[in-house]
Amino acid sequence: MPLSAQPAGSAEPYVLAASLDNARHLSSLLRAVHFQDHATCFATANGLRVTVEDAKCIQANAFIQAEIFQEYTVQEESVTFRINLSVLLDCLTIFGTSSLPGTSTALRMCYRGYGYPLMLLLEEGGVVTVCKINTQEPDELLDFDFCSTKVVNKIILQSEGLREAFAELDMTSEVLQITMSPDKPYFRLSTFGNAGSAHLDYPRDSDLMEAFHCNQTQTNRYKISLLKPSTKALALSCKVSIRTDAQGFLSLQYMIRNEDGQICFVEYYCCPDENITEAEL
Amino acid sequence: LSRIGDELYLEPTESGLSLRAVNSSRSAFASFLFAPLFFQLYEPGGRQPSRELVRCKVLMKSFLGVFRSLPSLEKTVGKCLILLKPRANRLVVQLHCKYGVTKTHNLAFQECELLQAVFDTQGCASSLCAPARVLSEAVVHFPQTLAEVTLGAGPGGKISLRNYVEDEAAPSKTMVTELRLAEDEFQTVAVTPGSRITFCLKEFRGLLTFAEASNLPLTIHYDAPGRPVVFTLEDTVLEVHLVLATLSDPESELQPPTANGASHLPAPSDDFADDLESYMIAMETSTYDDGPSGVPPSPTFPLRTPRPAESDPEEEEEEEEEGAVPGTPPHKKFRSLFFGSVLTPGGASPAPTQEVLAEDSDGEN
Chain G
11 MPLSAQPAGS AEPYVLAASL DNARHLSSLL RAVHFQDHAT CFATANGLRV
61 TVEDAKCIQA NAFIQAEIFQ EYTVQEESVT FRINLSVLLD CLTIFGTSSL
111 PGTSTALRMC YRGYGYPLML LLEEGGVVTV CKINTQEPDE LLDFDFCSTK
161 VVNKIILQSE GLREAFAELD MTSEVLQITM SPDKPYFRLS TFGNAGSAHL
211 DYPRDSDLME AFHCNQTQTN RYKISLLKPS TKALALSCKV SIRTDAQGFL
261 SLQYMIRNED GQICFVEYYC CPDENITEAE L
Chain W
7 LSRIGDELYL EPTESGLSLR AVNSSRSAFA SFLFAPLFFQ LYEPGGRQPS
57 RELVRCKVLM KSFLGVFRSL PSLEKTVGKC LILLKPRANR LVVQLHCKYG
107 VTKTHNLAFQ ECELLQAVFD TQGCASSLCA PARVLSEAVV HFPQTLAEVT
157 LGAGPGGKIS LRNYVEDEAA PSKTMVTELR LAEDEFQTVA VTPGSRITFC
207 LKEFRGLLTF AEASNLPLTI HYDAPGRPVV FTLEDTVLEV HLVLATLSDP
257 ESELQPPTAN GASHLPAPSD DFADDLESYM IAMETSTYDD GPSGVPPSPT
307 FPLRTPRPAE SDPEEEEEEE EEGAVPGTPP HKKFRSLFFG SVLTPGGASP
357 APTQEVLAED SDGEN
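Top to bottom, those sequences are chains G and W.
If you use our numbering, the first sequence corresponds to residues 11 to 291, in order.
If you use our numbering, the second sequence corresponds to residues 7 to 371, in order.
No lab work stands behind these hints, which were simulated from the structure alone.
The structure displayed is predicted, hence computed values, not measured ones.
C-beta atoms are modelled at their ideal positions from N, C-alpha and C, and glycine is treated no differently.
Heads up, a few of these hints could be off.
[What the hints assert, rightly or not] With the C-beta cut set under 7 Å, the calculated list includes, among others, these residues of chain G facing chain W:
#, residue
1, ASP153
2, GLU174
3, GLU178
4, ALA205
5, SER207
6, LEU210
7, ASP211
8, LEU218
With the rest of the complex left out, here is chain G (with noise of 0.2 Å):
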């Protein structure tokens, strides 16, 4: 069922409008990306990303590209605003989060501008749900200055091997330090907790290891309380890609694939705790 959000005749157009077949595919995503109530939105040509932030310290984006969209257009060169994501998941989910196979919900999305609400239009089995969101002004989002030329060590895991560990983990530790090198132990996770001290090593030639960049020997502490959310987007995904700079910063890039097959990418950036250059057991 065609949602026309657009009356014939109107004056106004929407800066933002996309239509999207299954609105899980969008709400999955945003979930992953969920330890704080508030999020920014950014749309341009290419898709929308929804960034999301804590402490300073840790920012999370999800990427959902035009190509996802059954119908999108932008009509500025970019349109941002913030807006509560605890809301807006609510309204996305609002006829249920259980996906029943055959049954999704259709939505339709539009933003008028600068000032005006974000409507959503979501139509399950017939029946129509009207929502709209305040927006809010956009914050200046941080900017960890993180590209591919300042990569110091690299590895492509298959996210199966990891979930479980993320999960498990030891929570009463304060932090998660995590090492890569070219040497033994390739890659390892560890905790400091109540119990004592826990590892997890990666050997280089393991089946997970999709691929394996690592030049120097570097050691990173992380807050587990900044990196815990991240367990979400990794259950989501199928791939991780985890990245280190020079000055430690993380990050952390999720390949997502949804129902249909199509791709979609997850990313979180994190500073370290504190900087440690040895190797540390």
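Position chain W against the provided structure of chain G, taking the given hints into account.
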């Protein structure tokens, strides 16, 4: 073992690795002895067999945390390596998993005294042996919240299980469930007719779950009420004992003696009566006592090695646990198990190698 105590005692011996636990009121003790054959490699003394064997205890929670998800463990873990590193103060548990992944856990441990309940299955008047399934199916009829159950040998050879009801409770308000099992359900029956014992169900259920999973027959040895009941599981590489205190018969209650009670514990709440000092000896060194009072060794009584508990009539006496005692069950007249302590020669308590979590605030005598 986690159903019994909060700490896991590990004791490597020449005959295998023993894992033990005791509950806080000392009314339940369990040990699992894994013979060397159970392991691919078993080196109790490490690389230097002449080294003194170290025994230690770790927090049950920490140890269980290593083996968090059993189904995924079965699928992903190939080998498990357990190393005790006394100098680093760490118990290392290393899991070798699929895809070459290695999970290493370095757990903090504490050195401890030998934990051993004194019991003698040969000296027990009655014994029963049944497949674990029979007992599991019997026990399932009792509510999960039931604290104690009475096992009895009735006339005609029927074995009965009945929930234990406090005498004070109004008879009309309580529901009594009684289950009778025929002799032929058991593999062996050698019971004193009319004998009856009451013990705690919670720890027993824990053992039953294990017994069912391992498909081993369960043997029950018991004696008079008040004497501990011993449950045993055995196969070629594993020996399991669960010793539970039983409720003593109100009719045979005796006066607590004062023979060894000369030195009273200065503790505010008497977890153990003075007569207990003659055969209940502190487990741990002074830095890690459990319970509010702790039980410092009595100066009037020398520490001695465990011996069979059937001889001295003085030891048969009643021990009344007044007041609230942490653990199961608080207000019953359960007998504490007989514990002995085997000190390493020299008698000096080993210096704690771990940071002290809770300094014993009770002064020594």
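Comparing the hints with the structure gives:
Checking ASP153(G) against chain W by beta carbon gives a least distance of about 35 Å; that is not within 7 Å, so the hint is violated. Residue-level restraint check for GLU174(G) holds (minimum Cβ-Cβ distance to chain W is 6 Å; threshold 7 Å). At its closest, the beta carbon of GLU178(G) sits 6 Å from a beta carbon of chain W; the interface hint therefore holds under the 7 Å criterion. Using the Cβ-Cβ criterion of 7 Å, the hint placing ALA205(G) at the interface with chain W is satisfied: the shortest such distance is roughly 3 Å.
For the restraint placing SER207(G) at the interface with chain W, the shortest Cβ-Cβ distance is roughly 5 Å, inside the 7 Å limit, so the hint holds. The interface hint given for LEU210(G) is met, as the beta carbon of that residue sits about 5 Å from the closest beta carbon of chain W, less than 7 Å. Among the interface hints, the one on ASP211(G) holds; its C-beta lies about 4 Å from the nearest C-beta in chain W, closer than the 7 Å criterion. Restraint check, LEU218(G) versus chain W: the minimum CB separation of about 5 Å is within 7 Å; hint holds.
Taken one by one, the earlier hints fail for this structure only at number 1.
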